[in-house]
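2 protein chains.
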Amino acid sequence: MKGWDLTLDLRTPSPTPLFVRIARALEEDIRRGRLPPGAPLPGSRTLAESLGVHRNTVLAAYRELETQGWITTSAARATYVSPSLPDVPARPSAGAPRASMPSQVGFPLPVVPLRRERPEPPRGVLSLASAVPDVRLLPAPILARAYRRALKLSGRRLLDYGEPSGHPRLRAALAGMLSSLRGLAVRADDVMVTRGSQGALDLVARTLLKPGDTVAVEAIGYRPAWHALQLAGAHLVPIEVDGEGLRVDALEALSRRTSVRAVYLTPHHHYPTTVTLSPARRLALLAWARKHRVALIEDDYDHEFHYEGRPILPLASADRDGLVLYVGTLSKVLAPALRLGFLVAPRPFLEHALGVREAMDRQGDTALEAAVAELLEEGEVQRHVRKMRGVYHARRDALVRALERELAGSLTFTPPAGGMAVWAHCAPGVDAGAWVRAGLEAGVAFTSGGDYSFDGRPVPAVRLAFAASKESELTEAVRRMARALSATPRVKRVRA
Amino acid sequence: MKGWDLTLDLRTPSPTPLFVRIARALEEDIRRGRLPPGAPLPGSRTLAESLGVHRNTVLAAYRELETQGWITTSAARATYVSPSLPDVPARPSAGAPRASMPSQVGFPLPVVPLRRERPEPPRGVLSLASAVPDVRLLPAPILARAYRRALKLSGRRLLDYGEPSGHPRLRAALAGMLSSLRGLAVRADDVMVTRGSQGALDLVARTLLKPGDTVAVEAIGYRPAWHALQLAGAHLVPIEVDGEGLRVDALEALSRRTSVRAVYLTPHHHYPTTVTLSPARRLALLAWARKHRVALIEDDYDHEFHYEGRPILPLASADRDGLVLYVGTLSKVLAPALRLGFLVAPRPFLEHALGVREAMDRQGDTALEAAVAELLEEGEVQRHVRKMRGVYHARRDALVRALERELAGSLTFTPPAGGMAVWAHCAPGVDAGAWVRAGLEAGVAFTSGGDYSFDGRPVPAVRLAFAASKESELTEAVRRMARALSATPRVKRVRA
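The listed protein sequences derive, respectively, from chains A and B.
Per our numbering, the first sequence starts with residue 1, numbered consecutively.
Per our numbering, the second sequence starts with residue 1, numbered consecutively.
Because the hints were derived from the structure by calculation, they are not lab data.
Among these hints, one or two may not hold up.
Cut-off 16 Å, straight-line C-alpha distance, at most; resulting in silico cross-link-like pairs (EDC-like, lysine to aspartate or glutamate) [to be verified]:
| hint | chain 1 | residue 1 | chain 2 | residue 2 |
| --- | --- | --- | --- | --- |
| 1 | A | Lys-387 | B | Asp-134 |
| 2 | A | Lys-291 | A | Glu-252 |
| 3 | A | Lys-291 | A | Glu-358 |
| 4 | B | Lys-387 | A | Glu-66 |
| 5 | B | Lys-387 | B | Asp-134 |
| 6 | B | Lys-291 | B | Asp-249 |
A short list of chain A residues far from chain B (calculated; beta carbon distances all over 10 Å) [stated by the list, open to error]:
| hint | residue |
| --- | --- |
| 7 | Thr-79 |
| 8 | Leu-143 |
| 9 | Ala-394 |
Beta carbons: idealized from backbone N, C-alpha and C, even for Gly.
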């Protein structure tokens, strides 16, 4: 092109491939208008010579630009700047574009941000900090294949707007699973697919609560659930948990003082202590909730992982009065990042929840939902659960053995009947918080009881998650814990 | 097995495959304890004979049961009920399991449910009701491939818990796109990935608002955004939109009466009228917001689809004071069901938003985010946008031609410079609501102005979405509209 010359310094070394640098230089000239729409470009041979590069490099650059729509090739193989430009930068309107993001906020920010969760431990640290599944063992190719098949078979329908309650196939598959394995006589229409159990808790909170409503929670307990409830305006009241689970007598006392809207609890394996709510407490809780018309938010987050005998049926399976809002998840079964949870609730409640869900994010990822439905229908999920239950069972035993070997004098615990973590009480004189800090230095991450307390006060216990670590990793992690403990000053325990 | 006999009627026809029926019958007997753990099963040949089926059918049933863990095969190829049973139903605890879901709710329900969105029109009806992309044209195999590749390359990391702000690669790719095409000088850390634009609006509302805060909204306008704001407790004040967009003078009047926390607006193509906010109004709006420290929630939901000249730069690109919370989406570009939107905001605001996001649903779907990041990095998304812009441009023109041909006397409109729908005013005497109802009878779905009004009052206009329909479908849809109109009684329009 007459009068046009590509300015490009190719001598300065750069990690960017040559053809990309040439393409960007041309693009820049098109953007600036130095090369106007419709202008012819030099032949690849000519440009290659003038730049001192191989002709293939220029051809690659041209292909790149053509793909992006900047240039076009005529039937006679001549190359032009596209007459109608593709993603040209939008034109400035009133107010020139700024050079960087403003660092200040121009309006008042809310006062109290929620406390963020702990960051991931650094590389090389063995983590017993988080009761997550071992995603290394997930058959990812099977998931990828199901996803591809779902898109292929009914891709168009799956990509368009879908139902806020979730893909009907997944709801049906979940209903089948819940009714055959958990004693919940539900159908697809009783189930709503949510974004993980956190999404289900958030949805329940927003559907159920108005600001100021009193919600009783297990304390110690599961902080992310508290956050969801607080975000919906709940006033939380901590209720003690003992060896039989939530203290229902404390709920009774509370309801004499104030009107209780809901109780949030983890009856199967209490989070974080893994205690199971006793039969007597279950009956008392249901009777109390019926009498006071209180909603029970039952979080059955790791139902599948029970190692001693059969899992206990959920509270929801015994609820004849529409009291229980039952929350579960596939995150612990498959993978946290899939964000697939579910809510089972009386239909009038679900009707309300659907309206809320539409205002939140409208619907889930339908294609993923269809893929996972297929994995449930074909028994792949069940197979994986079965395998993982065996793996986790062995890991629990390995952790228990290592703890008994290395830390018998410093920790007391009951091997948990289920779940993904051991809850262990510290012997007098052991400062759990200091131990956790020393542990990070020694290359092992775990949590102390204070992380689960309602008011942030220390609790002389540690929680050791075993599901995501191999047996050899667990053994080494406990060794590091022992090393860390010997580096921790002993304290005189003051009874609270 | 002695004394055991499989009761199974195989004569009744059933859509379920034979081997599945046999497997289920056996499973049922194991569940009921008729076949206890460790019990031997008859040989496949024996069982096949007694049931009168082919031996392969029994072998398939046994394989199914073995896969599910119900039975096990010894080294000598004998078959037994598994000694440790897999997903056996959980054992009932206190309270017998109920037979069906309770139909009542045992606690008071909230009073006002949100209005649900319109259901999908029935099959056979041509729909101009919803401004959605044409997912039939999305290269679904490319998406499936990217998803598989993402899982393969870094599956383990992608399946574990990730960052609530979104996958770093996707944030970087979005930042690149926003800074090269929309004049937003942002980096990855200024961008948060959300669950569609609805998820971004909800997140903004929950982070920004406390119950009772006043938020000004365009009226007529986008109802789902109003719902998200109301869900966070906002008191909404409708502000008129005219041919230049939002009336900033009305905002000025409002702020003399009360303190305004935020304004929600769609300045690029006003929803639903597609009007673009004029340069003078932009300047006035930014100045007003700066003076009163009001947050501007800018929803740039279909930035890419501008047909006359270049798109207009967003308000956010001219914001030097940290006033604008900028919301966008890939739903209109790729597919609604992917639920990938984004929020660009000053970092102190994003810090707050991250805490809220963790309490909502913790994070997005990391594997999908990585897959779409790859599609952006490789220019696939850009290529698709470019193609769709051409397709939608042609469809807009086809719809405009059909309307001019068939409905010239009944509708007046300006062909929209961008967006995915035509907004047309009804001639006097045309009852838009009755026309919509008659349209459904005639096999065409579209919406009337009343669907977008703040108070539900009728607005004498119709909105005709063209992006998801082929040109032939658009022509036929307009023919049906004309037929429906002739069946609609003319009304004497009463001026409001």
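Going through the hints against the structure:
1. This hinted pair does not check out: Lys-387 of chain A and Asp-134 of chain B have alpha carbons roughly 42 Å apart, beyond 16 Å.
2. For the suggested pair Lys-291 of chain A and Glu-252 of chain A, the alpha carbons sit about 11 Å apart, so the restraint of at most 16 Å is met.
3. Distance check on the hinted pair: Lys-291 of chain A and Glu-358 of chain A sit about 33 Å apart at the alpha-carbon level, beyond 16 Å; violated.
4. For the proposed pair Lys-387 of chain B and Glu-66 of chain A, the alpha carbon gap of about 13 Å is at most 16 Å, so the pair holds.
5. Note on Lys-387 of chain B and Asp-134 of chain B: the hinted pairing holds, with a Cα-Cα distance of about 12 Å set against a maximum of 16 Å.
6. A threshold of 16 Å between alpha carbons decides the hint, and for Lys-291 of chain B with Asp-249 of chain B the separation of about 14 Å falls inside it, so the pair holds.
7. For Thr-79 of chain A, the non-interface assignment is confirmed: its Cβ lies about 18 Å from the closest Cβ of chain B, beyond the 10 Å cut-off.
8. The beta carbon of Leu-143 of chain A is not kept farther than 10 Å from every beta carbon of chain B, the shortest such distance being approximately 7 Å.
9. Every CB of chain B lies more than 10 Å from the CB of Ala-394 of chain A, the least distance being 13 Å, so the non-interface label holds.
Hints 1, 3 and 8 from the list above are not met by this structure, while the remaining hints are.
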